[in-house]
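> Residue numbers (the working numbering), protein chains in the order written: chain Y, 4 to 168; chain Z, 2 to 293.
There's no promise every hint is true.
Pulled from the structure, derived: some chain Z residues nowhere near chain Y, Cβ distances all over 10 Å [said to hold, decoys possible]: (1) Ala4; (2) Ala46; (3) Asp67; (4) Thr82; (5) Gly106; (6) Ala108; (7) Arg145; (8) Arg148; (9) Arg149; (10) Phe183; (11) Thr249; (12) Glu257; (13) Asp263; (14) Thr267; (15) Glu284; (16) Ala287.
Derived contacts from chain Z toward chain Y, CB cut-off under 8 Å, selection only [said to hold, decoys possible]: (17) Leu11; (18) Ser45; (19) Lys48; (20) Asn109.
Quick look at which bits of chain Y chain Z covers, simulated, 3 or more residues with Cβ under 8 Å [to be verified]: (21) 30 to 36; (22) 43 to 55; (23) 73 to 83; (24) 149 to 161.
Hint data in this document are derived by calculation from the structure and do not stem from the laboratory.
Glycine residues also receive a C-beta, built at the ideal position from the N, C-alpha and C atoms.
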Amino acid sequence: MNPSPATGAKSEVSFIVNGHTKKVLAYPMERLLDVLRNELELTGTKEGCGEGECGSCSVLLDGMLVNSCLVPIGQAIGASIVTIEGISTHALMNPVREAFLECGGAQCGICTPGMILAAVHLLEKKPEPDLADIREGLAGNLCRCTGYMQIFEAVASAARRRVAK
Amino acid sequence: MRADPTEYRLVSPGNLQAVLSLLSGEPAQWLLIAGGTDVMVLYSAGKLPNRNLINIWNIPELRQIDVLPDRISIGAACTYTALREHEIVSREFPLLATAASWTGGIANQNRGTLGGNIANASPAADSLPALLVYDAELTLISVRGERRLPYRHFHSGYKQTALAADELIQDISLPRRFAGYFSHTRKVGARNAQAISKVCLAALGQIANGTIRDVRLALGSVAPVPLRLNETERLLTGKKIDSSLIETARKSAVNEIRPIDDIRSTARYRAAVAGNLVAEFLEKLAAAGMDA
Chain Y
4 MNPSPATGAK SEVSFIVNGH TKKVLAYPME RLLDVLRNEL ELTGTKEGCG
54 EGECGSCSVL LDGMLVNSCL VPIGQAIGAS IVTIEGISTH ALMNPVREAF
104 LECGGAQCGI CTPGMILAAV HLLEKKPEPD LADIREGLAG NLCRCTGYMQ
154 IFEAVASAAR RRVAK
Chain Z
2 MRADPTEYRL VSPGNLQAVL SLLSGEPAQW LLIAGGTDVM VLYSAGKLPN
52 RNLINIWNIP ELRQIDVLPD RISIGAACTY TALREHEIVS REFPLLATAA
102 SWTGGIANQN RGTLGGNIAN ASPAADSLPA LLVYDAELTL ISVRGERRLP
152 YRHFHSGYKQ TALAADELIQ DISLPRRFAG YFSHTRKVGA RNAQAISKVC
202 LAALGQIANG TIRDVRLALG SVAPVPLRLN ETERLLTGKK IDSSLIETAR
252 KSAVNEIRPI DDIRSTARYR AAVAGNLVAE FLEKLAAAGM DA
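Same shape as in the complex, but just chain Z:
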């Protein structure tokens, strides 16, 4: 059943303060819409429960990418195209630029936003594992003020977030200290283009004196939230990569995830692939470490 546009309201305040005032006045009433690549799909299918929408596509403060000496700050309404075309994002945060290139086709990359991907809170979102391994921090803003929240604390359960009803995500900040890391990302889906992931890995690693100095692993589509593999990272740190360590890491990764059966895949397949992706990354990291 198609939605009836006469039943919906869409307002365009045009500046951030006015958006925050609206949210604060009737906090539970409003849904924010930026590029519409999630909201409009629900709307068109007649499945959008919210009747009152605030347009944030035209808020300039949310569209900037600021490059600071120690970090890069990405406005929440920056599109995937803007991320892909940004020189520093491509050079220092390739996992994010690559994830942006995987998200839908060009038309959806021209409209879909990083903040929207975070707020939509799908465990299958391709950009979210990258944010986990890069230690992203969010600025959440409301009329009450600003607060900074490490992104790893943002998702509290399936489609549950730390965002208060009167808050919006203003920016996503990434520390500029991963340029020297080996990075690897892999998406496994039904086809390369336009397919939602069955499993998606984002990984960073650094080898020093033949052992793993630091390793960061995050997976999408294997748990109710995008998942950082803390236990597996701990057992890898300080070790030399060999076949027995890779097997230990594979088992540990499978233990840490909570995959489910759904329309795209099965829990069993996801567990096998997640283990394989971690193993593949470690093999590549070992090879890169030998060259270094």
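With the rest of the complex left out, here is chain Y:
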């Protein structure tokens, strides 16, 4: 068992970020979101609401989509994290990227990293999602620009491109 650190003590956190082992000194209740952005300078992960409602801070934690604003770094010890920077080499990213560009699925860009991660997470679980699956898979990601239709179409189009290959 880990020793109980006194209040205010930083401890070393070792975890894997985008395939690379990282060690940072952090307070265990620091949010994963803040460690990614401030310590590791991975600013593709955005902060929106800070309370798990908007999905703009989405990352994959051991392959699961999570809101990084709701994960204390003390729970990420030993975990494997994939951020928008790291997903770029994922096999699904070519079709997803092309589809978002063609369908107008990205406008101001704040929700886009989270949308992309949620889309990849969905397509990994359901390679041929119907519209209800897409709506559900992205329900935790809010967008104030597009009105969502272009994003839903982008995910459907990404799935078709992948199946066509």
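Based on the hints, put chain Z in the right spot on chain Y.
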């Protein structure tokens, strides 16, 4: 005002016995954190009074679902995603699987836990009416030992529970005897995704020889605690469903609940919707009974 992480302590004992020892040593000092979907929201807003947290996300004993011949035992730190993806939960306890699909978006379902929903004790929690109608039983554990508590006795008032300061919820056990029931659940909220319920119904019923043999009704967001409609169930049992019985049940349901006005809805609206949901269920149950 954002919380200052330097003022908080988070320890990760990694096994159940060590968690219980910590709780027993300084029982009122600790708050358990599993997926953090409630705790971290309060923390980030600077509204978390507890300064000492114990991580139970990584306790394997709390993450299992055991299927036994007569019951299913769900570890308290099982996530909504784990519930939705479990074959027996989906097949025999569809009210729970559906409630899990309503709880937040996918990211929160990947982290939020059934035990957390119970311990957080919100009367608006979507999974709790399902636990009431399925006769859930909780295993509460501390260094003093284990005790089993019917879930219906767990909530004693608004955000008040039967959990002692040194206890945690180990598992939630559901008897496997509802597979033959007609089940129906409906959530009424501002939108389908991500919205907290104004009213939520979970209901089970069984028709035999044209009359109601057994009926189970529970509502969320209509009282200080998730509420089983015992009186309404009693007056329905043994009766044939017709329009006058449905009207009687609607009135009885409205009498049993104690809704309030709050940011999400009004008492008057909640009462009307609660009555409508009970009526809708009975109409569906009658139709299902005719087909049977």
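> Are the hints correct? Go through all of them and say.
Now for the hints, and whether the structure bears them out:
{"no.": "1", "hint": "Ala4", "verdict": "violated, 7 Å"}
{"no.": "2", "hint": "Ala46", "verdict": "violated, 7 Å"}
{"no.": "3", "hint": "Asp67", "verdict": "holds, 22 Å"}
{"no.": "4", "hint": "Thr82", "verdict": "violated, 7 Å"}
{"no.": "5", "hint": "Gly106", "verdict": "violated, 2 Å"}
{"no.": "6", "hint": "Ala108", "verdict": "violated, 5 Å"}
{"no.": "7", "hint": "Arg145", "verdict": "holds, 21 Å"}
{"no.": "8", "hint": "Arg148", "verdict": "holds, 26 Å"}
{"no.": "9", "hint": "Arg149", "verdict": "holds, 28 Å"}
{"no.": "10", "hint": "Phe183", "verdict": "holds, 24 Å"}
{"no.": "11", "hint": "Thr249", "verdict": "holds, 37 Å"}
{"no.": "12", "hint": "Glu257", "verdict": "holds, 32 Å"}
{"no.": "13", "hint": "Asp263", "verdict": "holds, 18 Å"}
{"no.": "14", "hint": "Thr267", "verdict": "holds, 23 Å"}
{"no.": "15", "hint": "Glu284", "verdict": "holds, 25 Å"}
{"no.": "16", "hint": "Ala287", "verdict": "holds, 29 Å"}
{"no.": "17", "hint": "Leu11", "verdict": "holds, 4 Å"}
{"no.": "18", "hint": "Ser45", "verdict": "holds, 5 Å"}
{"no.": "19", "hint": "Lys48", "verdict": "violated, 11 Å"}
{"no.": "20", "hint": "Asn109", "verdict": "holds, 6 Å"}
{"no.": "21", "hint": "30 to 36", "verdict": "holds (count 5)"}
{"no.": "22", "hint": "43 to 55", "verdict": "holds (count 3)"}
{"no.": "23", "hint": "73 to 83", "verdict": "holds (count 6)"}
{"no.": "24", "hint": "149 to 161", "verdict": "violated (count 0)"}
Checked against the numbered hints above, the structure breaks hints 1, 2, 4, 5, 6, 19 and 24 and satisfies the rest.
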